[in-house]
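Peer 1: For reference, the chains in residue letters:
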Amino acid sequence: MQNVKSLITTRSITIDKLKKYIKMANFFYDSSKINNNRYLQKYPGHILGLVFYEPSTRTMASFHAAMSRLGGTSIVIQPETSSVKKGETLEDTIRTMGIYTDAIVLRHFDKNSSELAASVTDKAVINGGDGNGEHPTQALLDIYTIYRELGKRVFTETIKVLFVGDLKNSRTIHSLIYLLELFPNIQYIFLSPEKLQMPDEIKLELKNPSRVCTSYCSGIIEEADVIYMTRIQKERFNSNFEYYEVLKDNFVLDETNMSRAKPKVIVMHPLPRGDEISKEVDKDSRAVYFKQMEYGVYMRMAILDDILSK
Amino acid sequence: MQNVKSLITTRSITIDKLKKYIKMANFFYDSSKINNNRYLQKYPGHILGLVFYEPSTRTMASFHAAMSRLGGTSIVIQPETSSVKKGETLEDTIRTMGIYTDAIVLRHFDKNSSELAASVTDKAVINGGDGNGEHPTQALLDIYTIYRELGKRVFTETIKVLFVGDLKNSRTIHSLIYLLELFPNIQYIFLSPEKLQMPDEIKLELKNPSRVCTSYCSGIIEEADVIYMTRIQKERFNSNFEYYEVLKDNFVLDETNMSRAKPKVIVMHPLPRGDEISKEVDKDSRAVYFKQMEYGVYMRMAILDDILSK
Amino acid sequence: MQNVKSLITTRSITIDKLKKYIKMANFFYDSSKINNNRYLQKYPGHILGLVFYEPSTRTMASFHAAMSRLGGTSIVIQPETSSVKKGETLEDTIRTMGIYTDAIVLRHFDKNSSELAASVTDKAVINGGDGNGEHPTQALLDIYTIYRELGKRVFTETIKVLFVGDLKNSRTIHSLIYLLELFPNIQYIFLSPEKLQMPDEIKLELKNPSRVCTSYCSGIIEEADVIYMTRIQKERFNSNFEYYEVLKDNFVLDETNMSRAKPKVIVMHPLPRGDEISKEVDKDSRAVYFKQMEYGVYMRMAILDDILSK
Numbered sequence: 054m055q056n057v058k059s060l061i062t063t064r065s066i067t068i069d070k071l072k073k074y075i076k077m078a079n080f081f082y083d084s085s086k087i088n089n090n091r092y093l094q095k096y097p098g099h100i101l102g103l104v105f106y107e108p109s110t111r112t113m114a115s116f117h118a119a120m121s122r123l124g125g126t127s128i129v130i131q132p133e134t135s136s137v138k139k140g141e142t143l144e145d146t147i148r149t150m151g152i153y154t155d156a157i158v159l160r161h162f163d164k165n166s167s168e169l170a171a172s173v174t175d176k177a178v179i180n181g182g183d184g185n186g187e188h189p190t191q192a193l194l195d196i197y198t199i200y201r202e203l204g205k206r207v208f209t210e211t212i213k214v215l216f217v218g219d220l221k222n223s224r225t226i227h228s229l230i231y232l233l234e235l236f237p238n239i240q241y242i243f244l245s246p247e248k249l250q251m252p253d254e255i256k257l258e259l260k261n262p263s264r265v266c267t268s269y270c271s272g273i274i275e276e277a278d279v280i281y282m283t284r285i286q287k288e289r290f291n292s293n294f295e296y297y298e299v300l301k302d303n304f305v306l307d308e309t310n311m312s313r314a315k316p317k318v319i320v321m322h323p324l325p326r327g328d329e330i331s332k333e334v335d336k337d338s339r340a341v342y343f344k345q346m347e348y349g350v351y352m353r354m355a356i357l358d359d360i361l362s363k
Numbered sequence: 054m055q056n057v058k059s060l061i062t063t064r065s066i067t068i069d070k071l072k073k074y075i076k077m078a079n080f081f082y083d084s085s086k087i088n089n090n091r092y093l094q095k096y097p098g099h100i101l102g103l104v105f106y107e108p109s110t111r112t113m114a115s116f117h118a119a120m121s122r123l124g125g126t127s128i129v130i131q132p133e134t135s136s137v138k139k140g141e142t143l144e145d146t147i148r149t150m151g152i153y154t155d156a157i158v159l160r161h162f163d164k165n166s167s168e169l170a171a172s173v174t175d176k177a178v179i180n181g182g183d184g185n186g187e188h189p190t191q192a193l194l195d196i197y198t199i200y201r202e203l204g205k206r207v208f209t210e211t212i213k214v215l216f217v218g219d220l221k222n223s224r225t226i227h228s229l230i231y232l233l234e235l236f237p238n239i240q241y242i243f244l245s246p247e248k249l250q251m252p253d254e255i256k257l258e259l260k261n262p263s264r265v266c267t268s269y270c271s272g273i274i275e276e277a278d279v280i281y282m283t284r285i286q287k288e289r290f291n292s293n294f295e296y297y298e299v300l301k302d303n304f305v306l307d308e309t310n311m312s313r314a315k316p317k318v319i320v321m322h323p324l325p326r327g328d329e330i331s332k333e334v335d336k337d338s339r340a341v342y343f344k345q346m347e348y349g350v351y352m353r354m355a356i357l358d359d360i361l362s363k
Numbered sequence: 054m055q056n057v058k059s060l061i062t063t064r065s066i067t068i069d070k071l072k073k074y075i076k077m078a079n080f081f082y083d084s085s086k087i088n089n090n091r092y093l094q095k096y097p098g099h100i101l102g103l104v105f106y107e108p109s110t111r112t113m114a115s116f117h118a119a120m121s122r123l124g125g126t127s128i129v130i131q132p133e134t135s136s137v138k139k140g141e142t143l144e145d146t147i148r149t150m151g152i153y154t155d156a157i158v159l160r161h162f163d164k165n166s167s168e169l170a171a172s173v174t175d176k177a178v179i180n181g182g183d184g185n186g187e188h189p190t191q192a193l194l195d196i197y198t199i200y201r202e203l204g205k206r207v208f209t210e211t212i213k214v215l216f217v218g219d220l221k222n223s224r225t226i227h228s229l230i231y232l233l234e235l236f237p238n239i240q241y242i243f244l245s246p247e248k249l250q251m252p253d254e255i256k257l258e259l260k261n262p263s264r265v266c267t268s269y270c271s272g273i274i275e276e277a278d279v280i281y282m283t284r285i286q287k288e289r290f291n292s293n294f295e296y297y298e299v300l301k302d303n304f305v306l307d308e309t310n311m312s313r314a315k316p317k318v319i320v321m322h323p324l325p326r327g328d329e330i331s332k333e334v335d336k337d338s339r340a341v342y343f344k345q346m347e348y349g350v351y352m353r354m355a356i357l358d359d360i361l362s363k
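Residue numbers (my numbering), protein chains in the order written: chain H, 54 to 363; chain Y, 54 to 363; chain X, 54 to 363.
Okay, chain H solo, but in the shape it has when bound:
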């Protein structure tokens, strides 16, 4: 009985749908900035369920903020303080929240948990990250950031995107690539440690052949229009030593690297970050990972608006 408005994967998003999301995000952005009409109370009394089985700052707080700006309220459910602790199944928890709320954002450690959730409630379920599966709302805010920063040329020109980090497990990147493929000509460079490479099944789906590096390859910083960094989790290595060796050799973005990058490159990161970006890069105007969070509020307002509107 999945609600047609559920957002489980970016694979189901068409170019027209993407343009509609961007248009609405622009509308909320402009309402905030230009008209000084920052706080639209479009959905008073509406309730968003934030069901988070894993920790989150940005996804949870920005959906909460987006819902507040739309005039609604949020109810947070976390395992430690809910009936999950008494052994309640995900399905029953979602059925419950589906009755109390108008839409649900779910973060869960199991791949396909959002799909399962959407099958047991008639309210829209928004996938807020499901294990190493997908994270479609992050991907939408990422693509909105790319659109805002690079402009309309993304719809016509070739864009080179350098992805760096844990490309095997990053649900964010997987979801983003499905959206990038809606653009006419994206060229990918994948830079990751050997054991954290982009899965072949994703590479095989791309329109263009991708360039793959497991240590620094010449020219990749210089060529990139977008540098998308992700966190490498220390736990994935046998020792701190091994982790820092990998980071040191190839993957720390610092001022030196940035000096070789294009003047109009943008540096993105879904955050939280570890040691893969030097703090000195924060001051570089090409680092847009904090702006990315701001764009995220407007995109999440657009996503909620799409769901809550008739």
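FYI, nobody ran anything at the bench for these hints, they're computed from the structure. Glycine residues also receive a C-beta, built at the ideal position from the N, C-alpha and C atoms. Mixed in with the good hints, there may be bad ones.
As the list claims (entries may be wrong) - A short, non-exhaustive set of chain Y residues, derived as facing chain X with CB atoms under 7 Å: (1) Gln94; (2) Lys95; (3) Gly98; (4) Ile100; (5) Thr126; (6) Thr134; (7) Ser135; (8) Lys138; (9) Glu141; (10) Arg148; (11) Ile152; (12) Phe290; (13) Asn291.
For this one, chain H is given, so just place chains Y and X on it according to the hints.
Peer 2: Chains Y and X only, in chain H's frame:
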């Protein structure tokens, strides 16, 4: 100094008061469904304190939702993140929340905790479950479910209610029985493991003699107008084996049992559930435990309205 | 880039600013009580970030309540359920919340954490307690309590303030003393165990010499216009025995002590309390520690209003 509007036990609820609650719950139900005026903003700026010393999904989230639909906001206090961790007494925590809020819902592991709480604040305290004591708002939503599903005949005819599960410790059932006794003619069947039987002091208060079974008794499924299931906590048995033996022999409601039940029986459960109801029963239209949650929001709106209105 | 409206320390508050805070707190108090216009919805859609690395009942709940009464909403961030658990720095967490909210209240175990936080966001940061540093909003509500209870004479007459308890580590008292020094003539009596004495660097800044006692000194209860009690943490002593010895000898405020105090003395406590005040004192009308919490909501509304207004 207990506020006259505090709701500590269902023992103090008269038939007139019960009818008033039902009338208001109906009003909120109809406003949502019929008038499409779902979100009444009757109490803007009012604040509900949700003080939960034990985990909860339904009680907490549905009060939160009810308060939001009434236009107010909720403040959640839980032990791990509050001064309870610094050793603050329940009394001081309640005094504090009584100052910041307009009403308090308290869930606490001690019997009589709500009575104690109500004695130290002049705001209304709603008992959201006190140990193995009472759970009056669950009982009110249960009785509202029975009324909605069986109709006005509950006020005139004989109704047979089969209670199944942990009848010794279920605060929900104890509170519900006090309300059922307001109806003219309830006949009870109590089915529970030997060590989890309905306490004698409650049975002695009933207008009608009750039928007691410690394993399946013939005819009880066939006769029941209401089957009220509760969760049996594994922890109450010496081993998983013993738990499943008990469940297997007598207490799992499945399609086979349902095929012998009345065509108009209703199956209720306060949730969360364990293994005592087969998932296949969910599809049976006589299973109303999910509707029960929805009725719960309207009944809790009625309870809050009773407290917040002048 | 610290926002000029950030509130990090009471040292930066002038007498004019203090009077402005009191005036606004009075306005919110009167709106609630006299005009029966309790719930002002002055800042609809505005969002307050409550970032609490340490447990809190009063600071968190009263800011939440104050924001609700002003028409806004609050987003709570706590370490266990946020990216803090993934190792995110305080700076990145604050940058994030600065993007999602209109102002941030921060409680953190490190001294100077609020100053650090205010340096990385352009939103106002309110210090909600930073280690053994300061707690300016508690100090403001304390001074408002003193003003409300003692009246305008605080601006002209000599006031004797007896501080009792852990004067070394109490961030609340340190912040309060900076504010009390704005009044023309405060005389201090400091009563504390030897190892928990008021730091010399604070005593040296006072306009008047202070009287110091490490066990009960004659006349101090009789002379005081304000008795300000604080909790002594058991953990600071080698044994429960040592703790209770210290408490027993000198520092428990009971009916006997109160019988020797001025008829118009006020007894304050920031709460939560331990065993340093007998419960019997609660009934004494000179004990204002519960009224103090109520004044706190109005003062925190004033603080938020100061920040959110143009």
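Peer 1: Quick check on Lys95(Y) please, does its C-beta sit within 7 Å of some C-beta on chain X?
Peer 2: violated (12 Å)
Peer 1: Using Cβ atoms only, decide whether Glu141(Y) comes closer than 7 Å to chain X, and label the hint accordingly.
Peer 2: Since the shortest Cβ distance to chain X is 4 Å, the answer is holds.
Peer 1: Let me know if the C-beta of Asn291(Y) comes in closer than 7 Å to any C-beta of chain X, holds or violated.
Peer 2: With a closest approach of 34 Å, the Asn291(Y) hint is violated.
Peer 1: Quick check on Ile152(Y) please, does its C-beta sit within 7 Å of some C-beta on chain X?
Peer 2: holds (5 Å)
Peer 1: Restraint: Gln94(Y) near chain X, CB-CB cut 7 Å. Satisfied or not?
Peer 2: violated (11 Å)
Peer 1: Report holds or violated for the interface hint on Arg148(Y), using the least CB-CB distance to chain X and a cut-off of 7 Å.
Peer 2: Hint on Arg148(Y): holds, closest Cβ of chain X at ~6 Å, below 7 Å.
Peer 1: Hint Phe290(Y) vs chain X: min CB-CB distance below 7 Å?
Peer 2: Violated, because the Cβ-Cβ distance from Phe290(Y) to chain X comes to roughly 32 Å (cut-off 7 Å).
Peer 1: Holds or violated: is the Cβ of Ile100(Y) closer than 7 Å to a Cβ in chain X?
Peer 2: holds (5 Å)
Peer 1: Holds or violated: is there a CB of chain X closer than 7 Å to the CB of Thr126(Y)?
Peer 2: holds (5 Å)
Peer 1: Measuring from the C-beta of Gly98(Y) to each C-beta in chain X, is the shortest one below 7 Å?
Peer 2: This interface hint holds because 3 Å falls under the 7 Å limit.
Peer 1: For the restraint on Lys138(Y), tell me whether the closest CB of chain X is nearer than 7 Å.
Peer 2: With a closest approach of 5 Å, the Lys138(Y) hint holds.
Peer 1: Does the CB of Ser135(Y) sit less than 7 Å away from some CB of chain X?
Peer 2: holds (4 Å)
Consistency with the previously given hints fails for numbers 1, 2, 12, 13, ordered from lowest to highest.
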